[in-house]
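**Student:** Put chain Z on the given structure of chain S with help from the hints.
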Amino acid sequence: MDTKTIEIEGKTIDDAIEKACQEYDLPREKLNIEIISEGSSGFLGLVGSKKACIRASIMSIDLTMESPPKERMESTFTAAQSEKADVPRTEEIKESLAAKAKEKLDGILKRMGLDFPVHVEETSETIILKIEGDGSGLLIGKGGQTLDALQYIVNKASNKNGKGRKRIILDTEDYRKRREKTLIALAEKLGEKVKKTKKPVTVNPMNAHDRRIIHLALQDDKQLTTKSRGEGAFRKIIIVPARKS
Amino acid sequence: MKELITYMVKALVDHPEKVEVFEVNGGQTSIYELKVSKEDIGKVIGKQGQTAKAIRTILSAVSSKVRRKSFLEIIE
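First to last, the protein sequences are chains S and Z. All residue numbers in the first sequence are consecutive under our numbering, ending with 245. All residue numbers in the second sequence are consecutive under our numbering, ending with 76.
So here's chain S without its partners, still in its complex pose (with noise of 0.2 angstroms):
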């Protein structure tokens, strides 16, 4: 008898164990299921949604009697907290996103031809993954665009089942901290300018972590205001001499 378990995931429970019934086509009787976790469709089914996991199995023995799944099925609701197996699991979630995003963006670089060693440092809200460039700037790629694309790709790869979502941060030959340098470098220099010509200047369209930085590198300066326009990709920071009081 095939005694394998196979791990689902639904939108519900009840989702989930449906096409476990389908992936065996046996009916839900004839089926062990474990809930891994239960889904939850998050603040008015936009934010924090979950996806429901349980674990399923065919049961060895034909027991008719009471336990049908549907019971089961509650009382490791009420319980999962304490049951067993569920234990390691969650230990294992919490570990495993940073090393999870390690062994992602590992197997995109060597893809990549690109074998470098990957250091990670984590914090309480982000993944910080150094990659140790060889100086060629291939990783970053103009105005960091690579080296953003490559954190998109690993940020979405691992945040994917929306559990203990964190930041993951890439950063190579120190770029992160060298790019924000030049942003504030930018900044001071336009603000000089703007003060000078008291017209406004736009700055070209950037992401939202440059914007940000341009924004603080401002914000203490009195006789300057700092505004984003634009959509999406578009949005450019606009500098304009603050009005006075």
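These are computed hints drawn from the structure, not numbers from a lab. Bear in mind that the values here come from a model prediction, so they are computed numbers and not experimental data. No residue lacks a Cβ here, since even glycine has one placed at the ideal position from N, Cα and C. Misleading hints may appear alongside valid ones.
[Said to hold, decoys possible] Quick list of in silico lysine-lysine cross-link-like pairs, PhoX-like style, CA-CA up to 25 angstroms:
1) Z/Lys2 with S/Lys142
2) S/Lys100 with Z/Lys2
3) Z/Lys47 with S/Lys142
4) S/Lys110 with S/Lys166
5) S/Lys142 with Z/Lys69
6) Z/Lys2 with S/Lys160
7) S/Lys11 with Z/Lys53
8) S/Lys100 with Z/Lys47
9) S/Lys156 with S/Lys189
10) S/Lys51 with Z/Lys10
11) S/Lys166 with Z/Lys53
12) Z/Lys43 with S/Lys19
13) S/Lys102 with Z/Lys43
14) Z/Lys35 with S/Lys110
15) Z/Lys53 with S/Lys100
16) S/Lys110 with Z/Lys53
17) S/Lys166 with Z/Lys43
18) Z/Lys18 with S/Lys110
19) S/Lys156 with Z/Lys18
20) S/Lys181 with S/Lys227
21) Z/Lys10 with Z/Lys43
22) S/Lys166 with S/Lys193
23) S/Lys156 with Z/Lys47
24) Z/Lys43 with S/Lys160
25) S/Lys160 with Z/Lys69
26) S/Lys11 with Z/Lys18
27) S/Lys100 with S/Lys11
28) Z/Lys53 with S/Lys160
29) S/Lys51 with S/Lys19
30) Z/Lys53 with S/Lys142
31) S/Lys156 with Z/Lys2
[What the hints assert, rightly or not] Derived CB-CB ranges, DEER-like:
32) Z/Glu73 with S/Phe234: 16 to 26 angstroms
33) S/Glu23 with Z/Arg67: 45 to 55 angstroms
34) S/Ala99 with Z/Ala52: 23 to 33 angstroms
35) Z/Lys10 with S/Lys236: 28 to 38 angstroms
36) Z/Arg67 with S/Thr5: 25 to 35 angstroms
37) Z/Glu76 with S/Lys198: 47 to 57 angstroms
38) S/Lys196 with Z/Lys47: 37 to 47 angstroms
**Tutor:** For chain Z alone, kept in the frame of chain S given last:
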């Protein structure tokens, strides 16, 4: 290159078993045709094409190293 695309896309989609990449080689250029399960097309393209753009950026970075041009097309 083909492996790189396959690896990245498989990490992003819900049905990795349905990911297929076909390679069409020309003189200086290569075209990669990516085929994924219907439900996953949106995931590969992303919001305002952001994911597709990111994959293409990485692709062009790698191909610039070998002095070639690569294009990625997502086919249904």
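**Student:** Hint by hint, say whether it matches the structure.
**Tutor:** Now the hints, each set against the structure:
no.	hint	result
1	Z/Lys2 with S/Lys142	holds, 24 angstroms
2	S/Lys100 with Z/Lys2	holds, 22 angstroms
3	Z/Lys47 with S/Lys142	holds, 22 angstroms
4	S/Lys110 with S/Lys166	holds, 24 angstroms
5	S/Lys142 with Z/Lys69	holds, 17 angstroms
6	Z/Lys2 with S/Lys160	holds, 23 angstroms
7	S/Lys11 with Z/Lys53	violated, 29 angstroms
8	S/Lys100 with Z/Lys47	holds, 24 angstroms
9	S/Lys156 with S/Lys189	violated, 36 angstroms
10	S/Lys51 with Z/Lys10	holds, 19 angstroms
11	S/Lys166 with Z/Lys53	holds, 23 angstroms
12	Z/Lys43 with S/Lys19	holds, 21 angstroms
13	S/Lys102 with Z/Lys43	holds, 21 angstroms
14	Z/Lys35 with S/Lys110	holds, 23 angstroms
15	Z/Lys53 with S/Lys100	holds, 23 angstroms
16	S/Lys110 with Z/Lys53	holds, 21 angstroms
17	S/Lys166 with Z/Lys43	holds, 20 angstroms
18	Z/Lys18 with S/Lys110	holds, 23 angstroms
19	S/Lys156 with Z/Lys18	holds, 19 angstroms
20	S/Lys181 with S/Lys227	holds, 20 angstroms
21	Z/Lys10 with Z/Lys43	holds, 11 angstroms
22	S/Lys166 with S/Lys193	violated, 39 angstroms
23	S/Lys156 with Z/Lys47	holds, 12 angstroms
24	Z/Lys43 with S/Lys160	holds, 10 angstroms
25	S/Lys160 with Z/Lys69	violated, 30 angstroms
26	S/Lys11 with Z/Lys18	holds, 21 angstroms
27	S/Lys100 with S/Lys11	holds, 23 angstroms
28	Z/Lys53 with S/Lys160	holds, 18 angstroms
29	S/Lys51 with S/Lys19	holds, 13 angstroms
30	Z/Lys53 with S/Lys142	holds, 14 angstroms
31	S/Lys156 with Z/Lys2	holds, 20 angstroms
32	Z/Glu73 with S/Phe234: 16 to 26 angstroms	holds, 25 angstroms
33	S/Glu23 with Z/Arg67: 45 to 55 angstroms	holds, 47 angstroms
34	S/Ala99 with Z/Ala52: 23 to 33 angstroms	holds, 27 angstroms
35	Z/Lys10 with S/Lys236: 28 to 38 angstroms	holds, 36 angstroms
36	Z/Arg67 with S/Thr5: 25 to 35 angstroms	violated, 49 angstroms
37	Z/Glu76 with S/Lys198: 47 to 57 angstroms	holds, 55 angstroms
38	S/Lys196 with Z/Lys47: 37 to 47 angstroms	holds, 40 angstroms
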